[in-house]
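Here's the letter readout for the chains.
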Amino acid sequence: MATLENLKYTKSHEWVLENADGTVTVGLTDYAQQELGDLVFVNLPAAGDDVTAGEPLGDVESVKAVSDVFCPVSGVVAEVNEELLDAPQLINEQPYEAWLIKVESVSGSEELLSAAEYEAFIAQGE
Amino acid sequence: MEKKTPLYDCHVAANGKIVPFGGYLLPVQYETGVIKEHMAVRTACGLFDVSHMGEIVLTGPDALKNVQMVTTNDCSGMYDGQVRYSPMCNEQGGVVDDILVYKVNDNAYLLVVNASNKDKDAAWISSHLSGDVKFEDISESVAQVALQGPNAVPMLASLVADEQIPKKYYSFVQEADVKGIKCLISRTGYTGELGYELYCAAEDGPKLWDLLLETGKEFDMIPCGLGARDTLRLEAAMPLYGHEMDDTVTPLETDLGFFVKLDKEDFIGKDALVAAGEPSRCRVGLKVTGRGIAREHCPVFVGDQQIGMTTSGTHCPFIGMPVAMALVDKAYGEIGTEVEIEIRGRKVTAEVIALPFYKRPKK
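Protein chains in written order, with the working numbering: chain V, 1 to 126; chain Y, 127 to 489.
One or more hints might be untrue.
Simulated restraints on C-beta separations [to be verified]: (1) 472(Y) - 18(V): 26 to 36 Å; (2) 115(V) - 295(Y): 46 to 56 Å; (3) 124(V) - 306(Y): 39 to 49 Å; (4) 430(Y) - 86(V): 29 to 39 Å; (5) 65(V) - 430(Y): 23 to 33 Å; (6) 428(Y) - 114(V): 50 to 60 Å; (7) 205(Y) - 124(V): 58 to 68 Å; (8) 20(V) - 430(Y): 44 to 54 Å.
Hint data in this document are derived by calculation from the structure and do not stem from the laboratory.
Computed from a predicted structure; not experimentally measured.
Here a beta-carbon is modelled for each residue, glycine too, at the ideal position from N, C-alpha and C.
Whole structure, please, built from the sequences with the hints as guidance.
Next up, the structure:
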């Protein structure tokens with residue numbers, strides 16, 4: 001399982017990148033994609049939608065099952081990675097490149113972990 | 127507490143992702159993932175542990191009579207070394223299980239049953255025995271693997287003498303020698319592909335698995351888990367107990383009428399099936415035309431009217447689209463009928479299409 005030092009992580013296995021302009025980019029961690037297996041469908045919100053920290057922002061589906069993706073922050077969806085709608089497997093191939101949404105007007109967040117804390121959290125659960 | 131199959135350590139060694147299923151700990155997938163495993167079976171070859179299946183042996187002069195009583199298909203007139211598929215019904219015509227009947231000889235039949243129904247089936251069959259017949263549940267002493275896909279044929283030919291390989295679909299060889307391992311080999315499977323199922327003594331299971339895994343390397347064979355087993359059978363529209371049928375669904379409703387011989391003298395459930403007449407619902411294939419993936423137990427609508435429920439559904443890797451099977455009101459069973467499937471509170475458009483979704487190309 002890989003993590004990146006410059007990202008923060010949630011206990012529900014999303015990653016967060018805090019951009020210089022105050023927006024936040026959200027994706028699924030390498031651990032999440034491994035656990036989910038081959039993804040075949042992604043359901044994302046639309047730009048302009050409100051999102052709430054700890055609430056589902058959309059869902060991803062593997063061959064086997066559907067899973068909610070929880071939003072790490074509250075705010076407004078600024079941008080959606082449309083490419084994933086036709087190519088959900090990009091999340092499996094490059095989880096830290098295949099971002100899901102960008103959020104602006106960020107007003108709050110879930111508990112966010114550093115890479116080391118996230119790795120420790122996963123090690124604990126296994 | 128789930129049981130381990132004789133091949134459990136092999137799955138751990140191969141980095142299988144182990145999950146509980148039908149009372150057993152089995153790999154849902156290996157490192158390659160469900161899609162690659164599915165594609166391997168369609169284009170090359172896959173190896174499955176199906177040791178969780180149950181095996182029941184009926185022997186004695188009245189073996190056939192008893193087989194006939196619990197099956198809806200007609201198992202008379204089978205040749206030694208033939209396999210036949212049949213639903214097994216309760217008195218109401220609902221399905222207790224669907225099984226494979228192997229005729230060893232006039233006095234011996236092997237019944238292969240679903241893992242999740244093993245105990246129920248054993249109780250059902252043993253409580254309905256009559257005459258001179260011996261019942262034996264040999265499930266615990268048997269390991270079973272499925273070798274499936276076009277390359278299964280040349281691969282098995284590299285391991286087994288030609289005369290010990292079953293040539294016809296739904297036939298078997300009782301005592302084949304697979305490099306020193308004694309196996310029953312049948313030309314059967316649950317994937318819609320060419321292939322074989324091999325049964326051996328539980329203690330020989332790991333040796334057989336390792337031999338097939340090693341031999342398979344030059345045939346592009348990979349080990350496959352339950353995930354691919356399910357997507358493959360769904361793509362081939364093969365029904366699964368607990369999904370397309372259960373104790374409350376008759377085989378006629380779920381499109382298994384071909385395997386119900388109402389002209390057979392007698393079998394459990396016959397009277398109920400005759401009395402019920404033409405079924406009012408049918409099993410259909412649905413292609414999801416909107417955005418989404420239908421799973422089992424999604425309500426199916428035409429307008430505001432619910433016409434049925436999906437019984438299985440997923441994204442099928444080889445045909446590359448989300449499909450589902452559903453039990454619906456017969457009036458809406460026509461191919462081309464446009465319906466909506468309610469997926470997690472959202473209605474998604476779908477269309478009735480012909481089953482199976484995938485058919486093996488004939489050479």
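A quick look at each hint next to the structure:
no.: 1; hint: 472(Y) - 18(V): 26 to 36 Å; verdict: holds (32 Å)
no.: 2; hint: 115(V) - 295(Y): 46 to 56 Å; verdict: holds (55 Å)
no.: 3; hint: 124(V) - 306(Y): 39 to 49 Å; verdict: holds (47 Å)
no.: 4; hint: 430(Y) - 86(V): 29 to 39 Å; verdict: holds (32 Å)
no.: 5; hint: 65(V) - 430(Y): 23 to 33 Å; verdict: holds (29 Å)
no.: 6; hint: 428(Y) - 114(V): 50 to 60 Å; verdict: holds (53 Å)
no.: 7; hint: 205(Y) - 124(V): 58 to 68 Å; verdict: holds (60 Å)
no.: 8; hint: 20(V) - 430(Y): 44 to 54 Å; verdict: holds (51 Å)
Of the numbered hints stated above, none is contradicted by the structure.
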